[in-house]
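Chain A is fixed; fit chain B onto it per the hints.
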Amino acid sequence: MHVEQIAVFLENKSGRLAEITATLAYHGINIRALSVADTADFGILRLIVDDVESAKKVLKAAGFTIGITNVIAVEVADRSGGLAQVLMTIEKARLNVEYMYAFVNKSGENAVLIFRFDDMERAIVALQQDGFTILSGEQVCAL
Amino acid sequence: MTTLYWEEEIETLPRVGLESIQLTRLKHLVARVYDTVAPYRAKMDAASVKPTDIQTLADLQKLPFTVKDDLRDNYPFGLFTVPMDQVVRVHASSGTTGKPTVVGYTKKDIETWAGVMARAMTCAGATSRDMIHNAYGYGLFTGGLGAHYGAERLGATVIPVSGGNTKRQITIMQDFRSSVLMATPSYALNLADAMAELGVDPKTLALRVGIFGAEPWSENMREEVQRKLNIKAVDIYGLSEVMGPGVAMQCLETDRGMHIFEDHFLPEIIDPDTGEVLPPGEQGELVFTTLTKEAFPLIRYRTKDITRLIHEQCACGRTMIRMEKITGRTDDMLIIRGVNVFPSQVEHVLMGVEGVEPHYQIVVSREGNMDTMAVKVEVSEAIFSDEVKNLEKLTRKIQADIKDLLGVTCKVQLVEPRTIQRSEGKAQRVIDNRKI
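Going down the list, the protein sequences come from chains A and B.
The numbers in numbering that gives the first Met the number 0 rise by one with no breaks, and the one at position 108 of the first sequence is 107.
The numbers in numbering that gives the first Met the number 0 rise by one with no breaks, and the one at position 140 of the second sequence is 139.
Just chain A, same shape as in the assembly:
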């Protein structure tokens, strides 16, 4: 039920993000979702892509430091309150969110929320109990 996310270390230098996206584009890798966490000194780019293995290989070859993390993708209806409902479940289960980001799928009916929790296994159970749809890596890429 996990989705593999690639995290890339970014120095605060102009053009680094462009280099990553150009590298992925050159190898025909599609980015499904991304977020950037930034501090005054560095940033962490987090990516969900359609071909994790290739992305890993080409980014490493281009000299980037990368890490693979498991995250959870939750599908919700793209309407007011969609995220609030998920967060209520998380609050009820007393789970900590390390970070999250979201994207809307092509049809525009559903939104996908990407979560990293301190306790991933418990989060999956809690979300499934409350009837949320958790997507696999293939499902996220197929959206």
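These aren't lab readings, by the way, just hints derived from the structure by calculation.
Take these hints with a grain of salt, some might be off.
[As the list claims (entries may be wrong)] Listing some non-contacts, in silico: residues in chain B with all C-beta distances to chain A over 10 Å:
(1) Ala30
(2) Thr51
(3) Pro99
(4) Asn164
(5) Asp385
[Claimed, not checked] Pairwise CB distance ranges, derived in the manner of DEER restraints:
(6) B/Ala193 x A/Gly80: 49 to 57 Å
(7) A/Glu52 x B/Leu197: 15 to 23 Å
(8) A/His1 x B/Gly351: 29 to 37 Å
(9) B/Lys388 x A/Ser135: 24 to 32 Å
None of these values were measured; they are calculated from a predicted model.
Note that CB positions come from ideal geometry on N, CA and C, so glycine has one too.
The following block gives chain B in isolation, referenced to the frame of chain A:
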């Protein structure tokens, strides 16, 4: 294990015999230098010392020091003691901080050098059966040719691969079955990184031991090299002014210190500020007098290297005194807000943090009247995290450890891999942007 010596008699000579040889050679040297080199004679006259004043080894202290500026002032050949037709080779320093310093060798000097290098390699367990991979740079730098002649004298097979072209070096190591690596420690790590990238397992190589020198390196870096290359890493010391590599060498019996080949190079430890000779075992600036060199002898040459001498006899049976690993240089020493900082101390801290690679750079700046020190550290996969808080925890830990050891507050800056310049030879560890 049976310890191998290259010249057993002299290497294990009782101290009293060794000191008698040193005194005879010293008297002869001082007399010859006084007679043949005008700048030396002028300095001795100014200090009111005559060659006949040298009656014991302690009388050495009466003689004036020789410093790098003396070499520059007499550039290029002014301090040579023999006519140029007897000089068969010259080497020179890079001259990054002014004119290069030039050194010369007679035929006999080259033989002496090859002899001490063969002795040094034997200290590391090398024999005529070894395949010696010499990755020290060939050229004006003494490292390449010094090691080369020593390896040939030993009767080993020498691969004069020199520095650079790392991928080819690895292929040669695989195909030629290199068993002894000679390189700067930072280049050894460079090789290890390249092997990891190419998927070459060091265990599949024939490498057994590495002889590393030409730049200061910490004990933690030694462990790193040993682990990554799956070899024993030993320390060699030398400087071109005194001879080149082969002035002192660590043996396989101990990780503590290098044997100084005292029958050729007479060491002293002085207080770098006052010039006073320090009591045995104290840390200070290393000073050398060359006892046998013909073309370019040196009397009381200040090396600017900081170390201490170890007087206890080594388990290997050699009676020659040991010097500890160089902890820094008097001119590498940074003074940051009044605190003395050696790059090697920063390296020591970094190597103590799990996953941190020894690729770092210290950047010193001045903001207003305040000195600031930033330490750039490359982010390897081992320390990278997708969570900001983990990376911030890491930088705080390094900052705290540096503060604990050095007493200096610094800023740790994480940088992308391979953004700190890798040298093929010596690594540039410090950038001082202060305009003082």
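We went through each hint and held it up to the structure:
1. Ala30: holds, 60 Å
2. Thr51: holds, 66 Å
3. Pro99: holds, 35 Å
4. Asn164: holds, 19 Å
5. Asp385: violated, 3 Å
6. B/Ala193 x A/Gly80: 49 to 57 Å: holds, 55 Å
7. A/Glu52 x B/Leu197: 15 to 23 Å: holds, 20 Å
8. A/His1 x B/Gly351: 29 to 37 Å: holds, 34 Å
9. B/Lys388 x A/Ser135: 24 to 32 Å: holds, 28 Å
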